[in-house]
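**Student:** Residues per chain are reported as follows:
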Amino acid sequence: VTRRADRVFFAGLVALLAALAVPPAAGQGRVFTAPYEFQTRHGTFRIPRAFAPIEEWKTMRVDPQATDYFLARLPADDVAARIEGFAPELNFFRQDVVVAVEALSDRRRKLVAAKPAELCWVAPHDTEPRSTPYDRCEYRLRTADELFAVKFWLNGDNRRHRAAVGQLIESLLMEWKAASPPPR
Amino acid sequence: MTRRAEWAALCGSMLLAGLAVPLAADGNPVFTAPYEFQTRHGTFRIPRAFAPIEEWKTMRVDPQATDYFLARLPADDVAARIEGFAPELNFFRRAAATDVRRHARDGIASGGGPHEVHLVSELRMNLVVRSVSLCMLTVACSADSRPPKHELYEPVSAAGQRFLIPYEHALGGTSQYASAGSGFEESGDDSFLARFSAAWLAAHVEGFQPILNVAFQSVTAYVLVTPQGESPPLLAPGIVRDIWYGGYGWEQREITGEREPNTGLYIIKQIPSPLDRDFWSGVLAESLPIEGQPYPEDPPWAPFVCSHRPVLILPASQSYTRCKVWARADGRIAHSVSIAGENLRIRDAVMQAIGEEILRWRELAERQAREAPSDAPR
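Going line by line, the protein sequences match chains L and Y. Count the first sequence with our numbering and you get residues 1 to 184, in order. Count the second sequence with our numbering and you get residues 1 to 378, in order.
Careful, some of the hints might be misleading.
What the hints assert, rightly or not - Listed next, the stretches of chain Y that the computed footprint assigns to chain L, with coverage defined by at least 3 CB atoms under 8 angstroms from CB atoms of chain L:
1) 196 to 207
2) 212 to 219
3) 365 to 371
Honestly, the hints are just simulated from the structure, not real lab data. None of the values given here were measured: they were computed from a predicted structure. Quick reminder that beta carbons are idealized off the backbone N, C-alpha and C, glycines included.
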């Protein structure tokens, strides 16, 4: 029993050291599931992998990043499940909602306040040949505490859900924001 | 991960390996944390009380990625929750318990004696104590009084001009420059590289889409500073207008007659890709120069060097156009980035935002030079 215990202990120790010393090659090895972390000037956000901005981030190692700018992506099916009438696919294109967040400095807060809250254009998706031109919009909002500026994008009829999507994003940001002081 | 974080992870893990695994009276480690199954529909953390076999109640069970797992509800627990449920029927439970105990006894018999248990435990404690000491020493030594990273700047000089690059945009050292995907440029005495994340560009440029074609649309900017009295060139270094009159020959041009949908520019194929006939590298231009005539100068004929292909490391991506775009920030500074897909529509706005940011870095350095060091950005 003792030998087994020691074997477990030392094997675990060696494996741990080896794992820490040798990062797995890209496309191989470990699957990371812990939330990824952005350390902004106004606090840290820990974002579940389900909201990874690109697919690869769902399982790859993402070191905590000290930045005032970060992205998340709300999967179209998730948004459709939470907001009645939201179409997860339109014009042959998955309607994932991309969210860009900026932790505002004093200088940027003044600049962002002067920006338009909405910008729209008509276009298809250039990577989806079947898509046809339709209305596409970019929206800005600021969190109630005025510390963060948020941008998100909606297309076609989903633009009707701008307010609901905005509220969803704000509530998710509150969930993701860890109760921790700004990083040093 | 930072060096400090890596040390903390290493130390913490070593500490956990030793301390978080208590020893039972017989010298076996006892694990009590719930064991974990990661399924396609979420993760289950199951308390040890519901271990499917008796050994799992105390042994190490690594998290398992599986869509199938077992648990066992102890008969007494079920009986306590469900009135009338019999915890023992037909001697069944007692027989199973007996069997498990016999295995446990066999395990003990095959191990070492009490003296060996004592020695090894001592060694483990020794290791743990050393790890803790090392950790404390390392953390104490690595603790610093640096400002938050958001207030850190990397000073850069190019052609006699100074810039303070915010941490957000610094590449972190020359070793990373090669992997920054910056194309043909390298930083030099008169140039430097800076990173603009997709999120930063989305925040600063109206209409910029941070994710296109399943990939981040971050860019690495090549910034060229010309000597006093000289203007930056009209084209990025390495790009020449003499694309037909030089190496390839006018007769080898292939004008498709198509326009790139995001820019409206003519597609002029030059170099078909050996990988796929639908991929190409070439140039886009608003018009074609006339053979044998000087290139137009007002406005100057300036082709965009572009490629049309997927993001090769991302299997889900589609072919889209990526172009090297060059712009002047002011009379001495020019910058170049690669812009892709639909963001090419707003390339001028992207270049303007990046140019203004670069000029701000120069202002920061000038302010630092003017003000007392204690008030200046660090």
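**Student:** Is the coverage entry for the segment 365 to 371 of chain Y by chain L consistent with the three-residue Cβ rule at 8 angstroms?
**Tutor:** violated (count 0)
**Student:** Count the residues of the segment 196 to 207 of chain Y whose CB lies closer than 8 angstroms to any CB of chain L, then report whether that count reaches three.
**Tutor:** This one holds; 8 residues, not fewer than the three required, reach chain L with a Cβ under 8 angstroms.
**Student:** Within the segment 212 to 219 of chain Y, is the number of residues with a Cβ closer than 8 angstroms to a Cβ of chain L three or more?
**Tutor:** holds (count 5)
Of the numbered hints stated above, the single one contradicted by the structure is hint 3.
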